[in-house]
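Colleague: Taken in order, these protein sequences are the chains called A and B.
So for the first sequence, numbering that gives the first Met the number 0 puts the first residue at 0; every next one is plus one.
So for the second sequence, numbering that gives the first Met the number 0 puts the first residue at 0; every next one is plus one.
These are calculated hints, taken from the structure and not from any lab test.
Keep in mind the model is a prediction, meaning the values are calculated, not measured.
Treat the hints with caution; some may be incorrect.
BS3-like mimics (lysine-lysine), calculated; alpha carbons at most 27 Å apart, straight line [stated by the list, open to error]:
#, chain 1, residue 1, chain 2, residue 2
1, A, Lys402, B, Lys295
2, B, Lys64, A, Lys513
3, A, Lys402, B, Lys64
4, B, Lys125, A, Lys513
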Amino acid sequence: MKNIYFILIVAIIFSGCKKNRNSVSWNTFYKLPISSDTLNLNTFINQDKLYLSDDETYLSFKDTFEMYKLGMDIIDQSIQLDFTDSIKIPSILSGIQFSPGFQIPYQFTESHFFNFNSTQLKELHFDSLIFDYTVESSIDGKIDINLSLLDAFNPVGNNFNALISTPISQGVSTGKLNLNGFKFDLTKNGTAFNHISTLFTIGISSENLQDLVFQNNDYITIKFEISSLKIASALGYLGNEDIVDTTEIKIPFMENLNSKNFEINDSEFELLIKNGIGIDAQLKLNKIEFKKENQFQALDHLSVNQNMNINRALDLGYDFQYSMLNINFNNSNSNLPQLISMFPEQINIDYQLITNPLGNQSGYNDFIFQQHPLSLDISVDIPLKQNLDSIIFIDTLNYELQKNIVVSDALIKLDFTNEFPWKLCANLKLMSGENINSSPICINHCQVDNLGNFTQAINSVNEVDLENDLLIEFQNDNKIILELIISSPDSSNYFPILGNQNLYYSINMDVNSKINLN
Amino acid sequence: MKYLTILFLIITQLDCYSLNRDTISKKTAKAELISSFYGSVGSTHLPVNFFNKIYFGGYIDESEKGNSFLIAKNQRSGFETDMKFGVNIYNENDELNGWYFSIQNKISTAGKYQQGLYDLIFRGNKDLNQQISIGNTNFHFRNHQLINLGKFYENFSFGLVIGNILQEYNGCFGENDLIDFNNYYNWNVVINPNISFVRNNNNTFLKNGNSLGLNFKMKNKFKTTNLEYEIELKNLGLMLLHSNVETINYDTSFTYAGFSFDQITNITNFSSEISTSFQPDSSTNRIISTTPFEVKFNVVKSLNNLELFAGIFYRNNSQYLPKSYFGFNFRNERKLNYGSNLSYGGYNKFQWGINTSYHTEKLNAQIVLQNCIGLIPSLGRSFGIVLNLNWKIR
Numbered sequence: 000m001k002n003i004y005f006i007l008i009v010a011i012i013f014s015g016c017k018k019n020r021n022s023v024s025w026n027t028f029y030k031l032p033i034s035s036d037t038l039n040l041n042t043f044i045n046q047d048k049l050y051l052s053d054d055e056t057y058l059s060f061k062d063t064f065e066m067y068k069l070g071m072d073i074i075d076q077s078i079q080l081d082f083t084d085s086i087k088i089p090s091i092l093s094g095i096q097f098s099p100g101f102q103i104p105y106q107f108t109e110s111h112f113f114n115f116n117s118t119q120l121k122e123l124h125f126d127s128l129i130f131d132y133t134v135e136s137s138i139d140g141k142i143d144i145n146l147s148l149l150d151a152f153n154p155v156g157n158n159f160n161a162l163i164s165t166p167i168s169q170g171v172s173t174g175k176l177n178l179n180g181f182k183f184d185l186t187k188n189g190t191a192f193n194h195i196s197t198l199f200t201i202g203i204s205s206e207n208l209q210d211l212v213f214q215n216n217d218y219i220t221i222k223f224e225i226s227s228l229k230i231a232s233a234l235g236y237l238g239n240e241d242i243v244d245t246t247e248i249k250i251p252f253m254e255n256l257n258s259k260n261f262e263i264n265d266s267e268f269e270l271l272i273k274n275g276i277g278i279d280a281q282l283k284l285n286k287i288e289f290k291k292e293n294q295f296q297a298l299d300h301l302s303v304n305q306n307m308n309i310n311r312a313l314d315l316g317y318d319f320q321y322s323m324l325n326i327n328f329n330n331s332n333s334n335l336p337q338l339i340s341m342f343p344e345q346i347n348i349d350y351q352l353i354t355n356p357l358g359n360q361s362g363y364n365d366f367i368f369q370q371h372p373l374s375l376d377i378s379v380d381i382p383l384k385q386n387l388d389s390i391i392f393i394d395t396l397n398y399e400l401q402k403n404i405v406v407s408d409a410l411i412k413l414d415f416t417n418e419f420p421w422k423l424c425a426n427l428k429l430m431s432g433e434n435i436n437s438s439p440i441c442i443n444h445c446q447v448d449n450l451g452n453f454t455q456a457i458n459s460v461n462e463v464d465l466e467n468d469l470l471i472e473f474q475n476d477n478k479i480i481l482e483l484i485i486s487s488p489d490s491s492n493y494f495p496i497l498g499n500q501n502l503y504y505s506i507n508m509d510v511n512s513k514i515n516l517n
Numbered sequence: 000m001k002y003l004t005i006l007f008l009i010i011t012q013l014d015c016y017s018l019n020r021d022t023i024s025k026k027t028a029k030a031e032l033i034s035s036f037y038g039s040v041g042s043t044h045l046p047v048n049f050f051n052k053i054y055f056g057g058y059i060d061e062s063e064k065g066n067s068f069l070i071a072k073n074q075r076s077g078f079e080t081d082m083k084f085g086v087n088i089y090n091e092n093d094e095l096n097g098w099y100f101s102i103q104n105k106i107s108t109a110g111k112y113q114q115g116l117y118d119l120i121f122r123g124n125k126d127l128n129q130q131i132s133i134g135n136t137n138f139h140f141r142n143h144q145l146i147n148l149g150k151f152y153e154n155f156s157f158g159l160v161i162g163n164i165l166q167e168y169n170g171c172f173g174e175n176d177l178i179d180f181n182n183y184y185n186w187n188v189v190i191n192p193n194i195s196f197v198r199n200n201n202n203t204f205l206k207n208g209n210s211l212g213l214n215f216k217m218k219n220k221f222k223t224t225n226l227e228y229e230i231e232l233k234n235l236g237l238m239l240l241h242s243n244v245e246t247i248n249y250d251t252s253f254t255y256a257g258f259s260f261d262q263i264t265n266i267t268n269f270s271s272e273i274s275t276s277f278q279p280d281s282s283t284n285r286i287i288s289t290t291p292f293e294v295k296f297n298v299v300k301s302l303n304n305l306e307l308f309a310g311i312f313y314r315n316n317s318q319y320l321p322k323s324y325f326g327f328n329f330r331n332e333r334k335l336n337y338g339s340n341l342s343y344g345g346y347n348k349f350q351w352g353i354n355t356s357y358h359t360e361k362l363n364a365q366i367v368l369q370n371c372i373g374l375i376p377s378l379g380r381s382f383g384i385v386l387n388l389n390w391k392i393r
């Protein structure tokens, strides 16, 4: 009997040991604030880009966007400063014993002329310049080499000097030279262009343990190669370049926008050509295309496919003057406003730029500074006085819901107070395309007077009851498609907007959920 | 039911062992192997079923979430286990004096909070359109390995407790901390937590904290009145958290009415409404505090086969409410004792416990059930069990 009791006890205890622990779960009912905010123009546009109209009835958006910039890249490709110096030990020194530390009383100089294509420079100033050097020696001992670049000056006017050494015995050694901030005089005392001279003196390194004897035909070769460079400025003749290229300006945000009609009252666009380089140039905009969903539409304007002469900038020492050329686009001289209203996702500018089209007109006095490029900017002046018809904004919103919270049912409460002359209707769709809301969630436009001016805010309250099968997909997808349709109150007026108009909203949710903890 | 069956089987088979008692020769014991297990769970408002689900898993239904109380009512819940194995080594021919050594693992977790905070987590805020105070909320979780060693005499024992702290979490909130749900969708939060963590590390012996304490026990008997008293101090000392101490400590208040437009769309990049980092900070600071020591005072009055007893019990640095108790033990002639007690305190309040013990020359076994009502998990709010098994080597 005892044994049976014992076996029973053990069996009961072991049967009570669970091998797999289930998750703990419970039901909760929360009233959750999801999002609330006050939106106005300043939410999306910096205040300093918004200007009040003269009659103080509407705001205008004014900004300048850079479309294209040409700077040091017009000479960067041409500047090749790699060179090699060879020091041949005079035969008169061969056979003589030199003790460590002895300075050989000879100077070795070399001149280097560089080919920068059509560019002939008098002066080059580097923000940064690093040379890699390789020293090869046939001498059986270590030689110290004092290198001077007589035409390179640091900001206080001193020459560049560096001590480099050969290997302790025959072979190769390497190193780097830092010439950051140095300015090169490339004129060889006013007699040439694109020139650098080097000066070497050599000595017997004190690291040698015994006297050194030169052999006949002993030599040292030093190869200099640019490791990195950044040019701050250049002076001389910058050459005659013919640059043909296409610039693509992508506007990804526009991919989400479509419209039946989008009209802006008296908008103005201006192409600003601003030349900060001391060269004359000729620009031809071969073609400007606006792309939307693989459809291209060309800009019509007198300036397209015409040569435009751009004057050089002036550096007066005490004053720097850009050369400016402005081309105006508006409703009467181009189709640009129509092209803007298609919400282009890409703009392609096919252009040709010829530098110094008439050759060396400045007499080697072209200049270029890092901080003064040639740029093409577009300036926009858009009065926020518009008429919209079914502008459609589509976006995919990503979210991540806690996987351990299973929502059984949910009621989303939306409360909007709208002071804008826009009616907004939203559709929320699952990735499968199924609508979450059975009918569009609409926010009515504010009340307006006969001129379209704001008179009174309108409150809109909506509730969306999420059904269980939609919720499962909603929780699994982690993505939702938002389709927003924006329209003006009518099609006859331009509706002005001021900075004090707001859209107040709050989105709350009553959610019955099951929480799982593993 | 499982526990009742075990208890029933143990009690009914004890007589079988006692049949051979006269065959044991009466020698002086050289040593005694001791083992004890203590497990307890309790709450002022949650049924034992709730803890079953938390531990074993499963769906906690509405009846298992406990009764609804006023949201300002202070509640406490806790769980603890204490396992100990060791040996008493007696002096030669003397079973009253000797040395003791044991290793012990104590795990406890407990919290003190207002009903509203519990409701917020387990029921939601649907019925909480008012202010919840979290100012009295505090909690702890600890897992300590202890080595006890010392000397015992007939009426007195003392020794050292050397502790390796595997985990030690402590937290409390500012006195005026609150979450205001007066408007369901516009929450006002005032929060000033002070939480410290020491997590376990992979090193077997060198942990992130250590403790050193004293054990002390004294008992005496007034022979004329058959009254015996006992005072016991366990692990009175200091605890040093010296490495990898993490803290969450800030003082903030904010109104939460949902995320702002830029936070949910990333169209613009405005500063966050909530700028406080809720991540724990690693601290190079050390924390010194008193150990979670225990104090017990017990008096026993013997009347023939009946022992009446009463006492108080206190545990430091815990959410454990000081416990007072009284009860009786009945000694029959068959080496089987049993008794019952009523107590107030701990993680619950009133508890009705029963106990039984069995003694032979070699064996000393004891089972204590701390709250009989807890045997019905849907009714009881606490359940505790003590198992002691000692074996004398002669």
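Colleague: What are the numbers of the hints the structure violates, in ascending order?
Modeller: 1
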